[in-house]
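The chain contents come next:
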Amino acid sequence: MRRLLLTAAATTAAVLTLAACGTTEPVADSSAKPSEAITLTDATGAKIKLDGPATKVVATEWSVVESLVTLGVDPVGVADVKGYKTWDTAAPLKNEPKDIGTRGEPSMDTIASLAPDLIVATTDLTPAAVGQLRKVAPVLEVTSADGSDQIGQMLENLDLIAKATGTSAEAATARKDFGSKVAEGKKALAGAGLAGAPYAFSDGYVTGNQVSLRPYTSGSLIGAVNEAIGLKNAWTVKGDAAYGLGTTDVEGLTALPKDVRFAYIANKDDASSTPFTGALAKNAVWTSLPFVKAGEVHRLPDGIWMFGGPDSMAAYIDAVVAALTK
Amino acid sequence: MAVTAPTPPALRPPAAVSRTGAAAVTAALVLLVVALAVTDITQGTAAVGPAEVLKALTGRSDPADASVVVASRLPRASAGILVGVVLGVAGAVLQAVSRNVLASPDTLAVNAGSYLALGLVGVTGVSLPVIASSGVAFAGGLLAATAVLALSGLGAGTVRLVLAGTALALGLTSVTEGLLLLFPQETEGLYQWNQGSIGQNGFDGVVQMLPVCLVGLAGLLLTARRVDALALGDDAARGLGVPVRATRVTVVVLATLLSAAAVTLAGPIGFVGLCAPALVRPLARRHRAFVRARTSLPVAGLAGAGLVLGADVLLRALVPADTAVAVPTGVVTSLIGAVFLVVMALRLPDPAGADAPERLRVPSRRAFLATVAVLVAVVAAVTVAGVLLGDSKLLLGDVANWAQGRAGRAVSFVLDTRVPRVLAALCAGGALALAGTLVQAVTRNPLAEPGVLGVSGGAALGAVLLVTSVPAAGTWGIAGAAFAGAAVTSVVVFGLAARGGYRQNRLVLVGIGTAAATTALISLIIVLTDPFNATKALTWLSGSTYGRTMPDVLPVALVLAVGLAVASARRTELDLVSLDADTPRLLGLRLSRARLGFLLVSVLLSATAVASAGTIGFVGLVAPHAARALVGRRHVRVLPTAVLLGAALVCTADLLGRTVIAPAQLGAGLMTAVIGTPYFLYLLVRGRR
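Protein sequence lines correspond, in order, to chains A and B. Numbers 1 to 326, taken from the numbering used here, label the letters of the first sequence in order. Numbers 327 to 1015, taken from the numbering used here, label the letters of the second sequence in order.
Honestly, the hints are just simulated from the structure, not real lab data. Note that CB positions come from ideal geometry on N, CA and C, so glycine has one too. Any given hint could be a false lead.
Stated by the list, open to error - When the alpha-carbon atoms are kept at most 27 angstroms apart in a straight line, the in silico DSS-like pairs for lysine-lysine are as follows: (1) A/K82 - B/K719; (2) A/K163 - A/K186; (3) A/K186 - A/K176; (4) A/K135 - A/K186; (5) A/K268 - A/K282; (6) A/K98 - B/K719; (7) A/K135 - B/K719; (8) B/K381 - A/K282; (9) B/K381 - A/K258; (10) A/K98 - A/K49; (11) A/K282 - A/K258; (12) A/K56 - B/K719; (13) A/K232 - A/K326; (14) A/K258 - A/K238; (15) A/K98 - A/K85; (16) A/K98 - A/K135; (17) A/K258 - A/K293; (18) A/K293 - B/K381; (19) A/K56 - A/K135.
Claimed, not checked - Interface residues of chain B toward chain A, partial, derived using beta-carbon atoms under 10 angstroms: (20) A643; (21) A647; (22) G734.
Just need the whole structure built from these sequences, with the hints factored in.
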């Protein structure tokens, strides 16, 4: 033990001598160049001052990454890049951003090393982490989700990010495109006689021999979009306050009305996310459900992020309309 | 180390002889299980209540209701019965062959081994059929059980078995949780699954596991006569011509097979294997028929089925149907089992005078000073390394610039966030080591430490309760809540163990039970309040310095300073208290007050350490031991050495967790468990000699 300690001390001393006194960055210079300043207030009421439109932006959550991509701002740092590429292809990254770690605990060091002008985070990030991020760059914190008005919240977040990045024109276009996509979807569904049709969206996971389902109630973003395009949310399960997500099992599906249309999104890269064609295929409860018998179960295309921004929701509307009017 | 072999049941004078009594008891148990199963069938998320079930069973209901009963309710109830039976039998037979009332699939780390094996498979992204994943779980469970039995010795100390099993389970679970954090997509749901739930997707699982279970059960019933012989003692069994070793190996393999089948079907359902035989044991005293394994094993199985179904029925009756889906049955059985463990620990005979002090050489003063000097150098080196290394590597010149306030933006930021984390790790490590030293001295128990005793778990429970109910809680609030939780658990643990002096086994076993209960409660709170945030629970339970700022470090730093001052001022008292029960009294020392004071300080230390860095196990155990091995028993020497060792250990663990898989990271607690488990097991093995 003692010899081990001695060796450790000696080795570390040697390493430290080698590392001594270099620097990885020149001493800070205090000459700043003034340009058109931007001031705005974020979701938490914090005032954010920017010297000009932010261009080097880091994002800690996929929904804001998507908004940035929509606005034509390529983020320099993104949490869990691989996961984003798997789950959100409606707004694909146009650059190769640096991976800043997990969405829950992004690495402070990596973010700092990117020296961003702006960090966009959501209220899901712990206050302690946001407090630290504020020291490296201005942090724009947007509300992650709001069960009372998901679409309004999504567009409000888009506008806030646009203001900070000087892309309000792009945001206005995105807003308009989304509005017309909703109108188009509503018209197509009404044309097919589906106005007010009962509809249920869910995803599901297989663990061991168990299947758990996650209903998207009318308090969820998908649920809000469903109602905007004239579908009737058929879930009676209660969702959580922010995301409007519930929990149920296969039995719970028996509470859905007989004429419901059922849709889900899975991912080909994640085998546990596809219970509907896999684990449930031979389940008697599932196969005896009236909408399963009627063939009203639709797998929407992969890569539409259920908690994303206008691009994902536009892709979702296209997918639902295509599936239901087929 | 104590050797606790309970009296073989066969030697007890039989009180009642009636065969009909035994039959009546068995019949009553069967009726209970049937009643619970019927109740379970009427519960669920679909609107299929007793009336619909009745109709479905008589074939008069509509096909939808019938399908719910056939494909969801009946499989769930039968999985509950199957899992309960095999766990009850496995526990009973393990207890019989090891002559150890605390042996069970949980305490032999079978569940943890299976969990890790399944986690490893999950990470590779291969999705296996049920049978194959059962095979993987079996291999993992068998490896873990073999390791525990090899380390603790068959038929030897109860405490050693539980300690070796619990320690190995902690270490294995830490690795699995590391995998969960590293591969969140591939292992999604594995965390919830780890709590154990009997819900089933159709009859497939039950049908595939049934033959495995039947083979295991039949095998055990065939060896039942030999198991009875083993209960008389190895020599007596050999005298009867029973191959002792072969019987043990066969029984352990079969019991592991049964546990692995249960794990595959429903995840680890905690503590059923421990409780079911314990419930049946008193029967053996009243009805002689239950003394024989061939009759007592099926009864233990019935008791197990009753426990699992009872927990499920209770859960679904108390919680709304949609929420009950998310709450794992295993959480409920873990809570029941933890209470059982505590009660049994209190009733366990505890031979006195077993705590022979470790034989240690006393190094010279010069050697002590040299050790401290080296340790100071190591702590300094680790601190500097912790500050320089991370996602972005810095050089000492950067730190110099930062200290003078001249550093650039990136460097300032990195150091502003990194330095508090390094300090939090150093202080938490030092505080836990000091707390461990104090508790070990006061209880004269070399295995006592805040983590093992459930004090850290109580602190985490308090903190999680506050964080969930008041999301904007500040640093001092969290530290206060952690202290309240730690205080309550330590009153429970020390209060229960205090009866008849702090006997070694009782204290540690009560502590382990409490620790298990706090972990189950934390899981329950997270599932009920924030079901989509498993990371939150893992972060709290795995010990993390993520997002710590200077003010967060303040409470633990203050308490550490105060604790060090108190401990060094009272170092002679510590020496006396740790010596034996009588000397201090002869010297006129108010023993109970001194003990209480030291315990209070150690509770404060553990609580603030948990508030600043989450639950970090093993440091409080490993550091004092290593310190005593290095510098002898006297506290004037042990205190500084242990604190320096603890600081170095946690700081190193934190550094590794932050850098090895950057930019993602692992909690310091996971790393210390990976380092601490082998050391703990080594201590146990050394103690056996």
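A quick look at each hint next to the structure:
1. Of the supplied pair hints, the one linking A/K82 and B/K719 holds, its CA atoms being roughly 24 angstroms apart against a limit of 27 angstroms.
2. At roughly 30 angstroms between alpha-carbon atoms, A/K163 and A/K186 are farther apart than 27 angstroms, so this suggested pair is violated.
3. Straight-line distance between C-alpha atoms of A/K186 and A/K176 comes to about 15 angstroms, which keeps the hinted pair within the 27 angstroms bound.
4. Between the alpha carbons of A/K135 and A/K186 the distance comes to roughly 46 angstroms, so the proposed pair goes past 27 angstroms and is violated.
5. As the CA atoms of A/K268 and A/K282 are separated by approximately 20 angstroms, the hinted pair is consistent with the 27 angstroms bound.
6. Taking the CA atoms of A/K98 and B/K719, the gap is about 16 angstroms. The hint holds against a cut of 27 angstroms.
7. For the proposed pair A/K135 and B/K719, the alpha carbon gap of about 19 angstroms is at most 27 angstroms, so the pair holds.
8. The straight-line distance between the Cα atoms of B/K381 and A/K282 is roughly 24 angstroms, inside the 27 angstroms bound, and the hint therefore holds.
9. For the hint linking B/K381 to A/K258, the alpha-carbon distance of about 21 angstroms falls within 27 angstroms, and the restraint holds.
10. Proximity of A/K98 to A/K49 is assessed by CA-CA distance (about 25 angstroms); at most 27 angstroms being required, the pair is judged to hold.
11. A threshold of 27 angstroms between alpha carbons decides the hint, and for A/K282 with A/K258 the separation of about 20 angstroms falls inside it, so the pair holds.
12. Note on A/K56 and B/K719: the hinted pairing holds, with a Cα-Cα distance of about 22 angstroms set against a maximum of 27 angstroms.
13. Between A/K232 and A/K326, the direct Cα distance comes to roughly 19 angstroms. Compliance with the 27 angstroms bound is thereby established for this hinted pair.
14. Distance restraint check for A/K258 and A/K238: the Cα-Cα separation of roughly 20 angstroms lies within the 27 angstroms cut-off, and the hinted pair is therefore satisfied.
15. Our distance criterion of 27 angstroms between C-alpha atoms is met by A/K98 and A/K85, whose separation comes to about 13 angstroms.
16. Restraint check for A/K98 and A/K135: satisfied, since their Cα atoms lie roughly 20 angstroms apart, inside the 27 angstroms limit.
17. Distance check on the hinted pair: A/K258 and A/K293 sit about 10 angstroms apart at the alpha-carbon level, within 27 angstroms; holds.
18. Restraint check: the Cα-Cα separation between A/K293 and B/K381 comes to about 23 angstroms, which is no more than 27 angstroms; the hinted pair holds.
19. With a C-alpha separation of about 16 angstroms, the suggested pair A/K56 and A/K135 falls inside the 27 angstroms cut-off, and the hint holds.
20. Annotation: B/A643 was flagged as interfacial toward chain A, and the flag is violated, the nearest CB pair being 17 angstroms apart, outside 10 angstroms.
21. Interface hint status for B/A647: upheld, as the beta-carbon distance to the closest one in chain A is roughly 8 angstroms, under 10 angstroms.
22. Proximity of B/G734 to chain A holds as hinted, the smallest CB-CB distance being about 4 angstroms (cut-off 10 angstroms).
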